[in-house]
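Asker: Single-letter residue listing:
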Amino acid sequence: MPKRTDIKSILIIGSGPIVIGQGCEFDYSGAQACKVLRQEGYRVILINSNPATIMTDPEMADATYIEPITPEYIEAIIAKERPDAILPTMGGQTALNAAMKLNELGILEKYGVELIGAKPDAIKRAEDREEFLATMTAIGLEMARGGFVKTTDEAMQLIDLVGFPAIIRPSFTLGGTGGGIAWNLEEFRDIVQKGLDASPVTQVLVEESVIGWKEFELEVMRDMADNVVIICSIENFDPMGVHTGDSITVAPAQTLSDKEYQKMRDAAIKVIRAIGVDTGGSNIQFAVNPADGRMLVIEMNPRVSRSSALASKATGFPIAKIAAKLAVGYSLDEIPNDITKLTPSCFEPTIDYCVVKIPRWDFEKFKGIEATSSQLGVQMKSVGEVMAFGRTFKEAFQKAIRSLEQSRYGLGSDGKDEFEIDEMSDVEKIRTMEIIRERLGQRRSDMIFTIRYAMKLGMSREQIFDITKIDPWFLNQLEQIVRREGELRQAAALV
Amino acid sequence: MQTFTINPELLYNAKRDGFSDKQIAEIFHVSEDEVRSERKRLGFIPVFKTVDTCAAEFAAQTPYHYSTYEEENESVRTTTKKVVILGGGPNRIGQGIEFDYCCVHAAQALAEEGYETIMINCNPETVSTDYDTCTKLYFEPLTFEDVMNILDYEKPDGVIVTFGGQTPLKLAKQLEAAGVPILGTAPDNIDIAEDRKRFGELIDKLGIKCPPYGTATTEEEAVAVADKIGYPVLVRPSYVLGGRSMEICYRPEAVSEYMASAKGVSHERPVLIDRFLEDAYEFDVDAIRDKSGTVIIGGVMQHIEEAGIHSGDSSSVIPPYDTSDDVYALIIAYTRMLANALNVIGLINIQFAVKDGTVYVLEVNPRASRTVPFVSKATGRPLAKIAAKIMSGRLLKDFDVKDFDKHTAYVAIKESVFPFDKFPRVKMFLGPEMRSTGEVMGSGADFGEAILKSHLAAGIKIPTEGTIFVSLRDLDKKPRTAEIIRGFHYLGFRIIATSGTTKYLAEHDIPAESVNKVSEGRPNIIDAIKNGEVQLVINTPSGEISRIAEYEIGWSALAYKVPFITTLSAAASIVSAVRSLRKGERVVRSIQQLHTELVLPI
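Protein sequences, first through last, are from chains A and B. For reference, each letter of the first sequence is one residue, going 1 to 495 in our numbering. For reference, each letter of the second sequence is one residue, going 1 to 602 in our numbering.
What you were told as hints is all true, and nothing was included just to trick you.
Among chain B residues calculated to face chain A with C-beta under 7 Å, some are: (1) 61; (2) 143; (3) 374; (4) 377; (5) 588.
If you are wondering where the hints come from, they were derived from the structure by calculation, not from laboratory data. Just so you know, these numbers come straight off a predicted model, no measurement behind them. By construction, the Cβ of each residue, glycine as well, lies at the ideal position given by its N, Cα and C atoms.
Please take these sequences and the hints and turn them into a complete structure.
Answerer: Structure, rendered in C-alpha cells:
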C-alpha cells in the first residue's frame, strides 16, 4: 500500500520529563519518528516539554513546541498549526493519555484531526481492564482471575474466583504501597480493608496470585494489510512479582520449548489483531506457570515502549522508525530493512547472540522511613538500565554487570564482595548462610550477588529455585560462572 | 611485584564466560595491567561481531558491533580520520539524558567536519545507541578494558571523554596514560578543577573568592575545620556527581554524626567542608573556549531556589532575573579568567553564588554540563555541537556565535521533576543531594508565563482559588516571606496555618486561620488535605511541626495530588503562575519562532 497523501502534516506528542517508568527511550522513538516522517515529506509538528531531548532540537521538526503536554496547550497548538493527524504512539503513556483526553474532550473532532498509529477504540480496548479481559476471553486466552472492587463485600464475592493466595493491590497509592498477599479469609478481609483505606479513590484490585511464574514479552508489529511480525521475544530473569522495568531481562527468550514459543507467538498475533492496533508496534506480556505450563496474558501496550527500545537495540530492527512508516500507510513488505538494505521489514529478525539488560537503581537517594522501600515489587523503581551482548548468556550477563558502573566488574570476585566466602571458617559460613537464605526470600536489587554467595556456600540449584522461583536454566548459567571462578581461584592458589 | 601466569586455556575460557581482566586480577592478586598484557601476549583479544537482524545470512550495511572472544572479526576498519565518543552509560540520578544529548551532538558535529564518528555506549534507551547516530556503534561497557579493546583496534585520531558526564571522565587519566589522544581540555586541567587543593591554589592566584573550605579525614579534624570556617557548613565526599551524600550542618554535633556515617573516607578521598552561604543567589554559566583563548558565553542562568539546593534540582531562569550589572559583569569576567587559566578547549560550566554583593565561585566543570541542552534550546545556539568542533581544532571565529546577551525578549525556565511518588514514605524535602530524574522547560513573554508553563509541564496543579496551608520555620519568618504569603491573600486565597505561623502572619496583617497539627487533635491538616479542602501546601522544613509529621503532610499532599511547596522562592513563583493562569490565555510559540523572532538584535 502506498503512503497516504491525504494527510500533509502530523503532530507528534512526546513523553515529557524523564521520570521513573518513562525514560529517554521515548526520545529515541520520537526522534526516529520525526526523522522518518520528514523524509517522507510530511510537515512535522512536535510537542514535548523536555528540553534535554534530541527530538526537540530545532532541526528535527518543522515546528517544535516545548510546551506543557496538557489538553489546553495541545489544543492551542492544534488551533495554530492545524495538523491533519496526531501520532500518539511514540511518547509513552503520557502521549497516549493526552491523545485519549483530546478525543474525549471532542478536540480531535472539532479540528478534524485523525489519530494515526492507534485508534481510540483500540487504545481503550488495550488499556481498560474490563474491555481487555472481554477481548481476551473472546479469543480464548486467559488472564489472571480477579477484578477491581470498591468495598469489602464486593471483594468477598471475588474470593471464590480468585482463590488463595490472593493479591490485593490498592489503586493510586504512593509507590504501590498498602497491598499484600492473603492466604486465608481473615487476612484477605483485613488487607482489602486496609487497601481501600490507603487508596485515594477507595479501590483495590483483587487478583489470583501469579507470583513466581515465568514472565515473557513479545514485541509485535502489524500493518494495514494485516501482516504481523514478531520482532523479538524477551524473557525476564526475575519471575512475576517484580516489575519488568526492574527485572533483568534476556533476549531472545531462553527457557521456552519451541512448542511453547509457537503457542505464545500465535497468542500474540491473535491479541494484536483482536485489539485492533492496525498500524504499528505493540508489546504483549505473558506469564507462564512453571508447574503446568498454563499461559496467561498480562497486558498489552498499544504503542512503542521501553521494551521496544530494548528490542530494537537488541535486534537492530528499528521498531519506532518502522511503526511511523506503518502509521502513514506503508505495509511491512514495502519498507526495506535499513541494516541489510536487501531484506524487507516483514522478515522477522534472527539473532545469533544473547542480550542481557540489567536495571540500575539509586536507592541510596530515596531512603524512606522503612527499610523495605529498597525492595523490588510491582512498582518500578529503577532509574536507568544497561544492556550487553555476548555469544552466550554468561558473557552478556557479566558484561552487563560491569556496564552498570557500580564498581562491579562481573559476578563477584572484583574486590567489592560483601562476603569473602572462600576465606571463611565453617562457623562463619553457617552464620552467613542464614543471612543469605533470608535475603534470597526478599526481592532485593542485589539478588544476583546473593545467588552467587548461596552457590558458593553450597546451596543447590533446587534449593535456590524453591525460594526465588528463578528458572533453573538461569541458575545453571550462574552456577557455571561460579564454577569457572572456582577454577580460577584454584589456579591462583597454585601460583 | 608478582608476575602473572595462567594456563592459557583457562584464561580463554574465563574470557569467553565474560570475566573481566579486573576480576581475574583480583583472584590472582595482580594488577589489571598485568592481566591485560599477559592476555594480549597470549593473543586473546576480542573480535567484533555485527548486529545485523539476520544472523549473518545477508550482508549488513550498518556497522553496529559488540565484542566477544571468537575467531572472525566482522568490524571493518577504515583509514578515514576518526573520532571516538564515549557515552554516558546508564541513566541515574545526576547523570541523565542531558549527557546523551551532548554525545549525540558531538557525533553530528564531527560528522559535519568530515570525521568518521564512533560511539561507545551501553545504554539501550538512548539516541546515542541508535545505529543511525554515528558512522559506527560499539555497544559495549564503558570500562577501561572494554574501551581499550576498541581503541586498540580502531586507533582513532581523537577520543572525546568530556561529553558523557562522569562515566567517561573517570577513564580520562587512565586512557591518556595508555597513549590515547584525548580531545579538548587536558585531563590534568580537568583534575585541577576537581581537586580541592589544586583548585584552591588556582583561584587564590586569580584573586577569585570561594566559600571558606577545608578537608578532613577524621571526626575531630572535621569539627575543627568547621569551627574554623564557621557554621553552617556543607559537608560532602570528594569526587562526586549529583551531590551524593551531601549535608548542610548547623552544629558541631551534626558534623560529628556525618563523619561517623561517612563511608570510604581516606587521605586520597577526604571529606570536603565548605562554608554554606545561606540565602545566597546561585548562578550557572555555560561557556566555550577555543585553543586561541577566545571565550564565548553560552548562557547565564539564575536559580530560583535558595543556595543549598542542588543545582540539578533547582529551577534555572534565563536570563538572570535579579542581579546588578556589576555582579553580572564580574560573573562573566570570572568565567573568562577560569576558562583561560584551565586552558579549556571546549565546554566549561561554572556555578557561582552571590551573597551581599560578593561573587563566589562554587564549582568549575571543564566539560559538558547538564544545563547545556536547556541553554541551547533557550538561546537557539547548539553549544555542544560548536564545542565538539572547537575540540577538533576549529576556532570560535569560524562560527557566527556571539556572547549571550541577558536582554532576551523572553524568559525560559528549567524545572526539575522528582520521583517521590515511587518511593513510599521517602523524605520529600530538597537539599544539597540531587534527586530529580528529569526536567521540563517553560518559556514565555514574562516570568509569570514561563513559570506557569514549567510548573504545569512538571505536573504541578496550579490552583486559581481555594485554600492554602502554610507552615514556616522560624528562620523564614522574615518580612520577605510575609510579602510572598500576602501575594496569595491578595489573590483571594483563604490561608490556614499552624498556630505559630498564624501568629506571625497576623503580625504582618495577613489574615489566617489556625489549623490543628497532627498531634493537636482532629480535624487536623491531614484531614483537610484528604477532604479536598486544601489546594496548596507551603511547608518550609523544619517548622513547628515535627519532622515525621511534616513527612506525613507531604505524603498525603502527594497522594491527593495537592502541590507541596517546600521553599519560599517556589512559593513566590506560584503567585506569579496563578496571576498568569488567571489571565486565561494560552500562548504557544514554537522554538523556531522563539529563536528567530524573539531575540533582540544584538
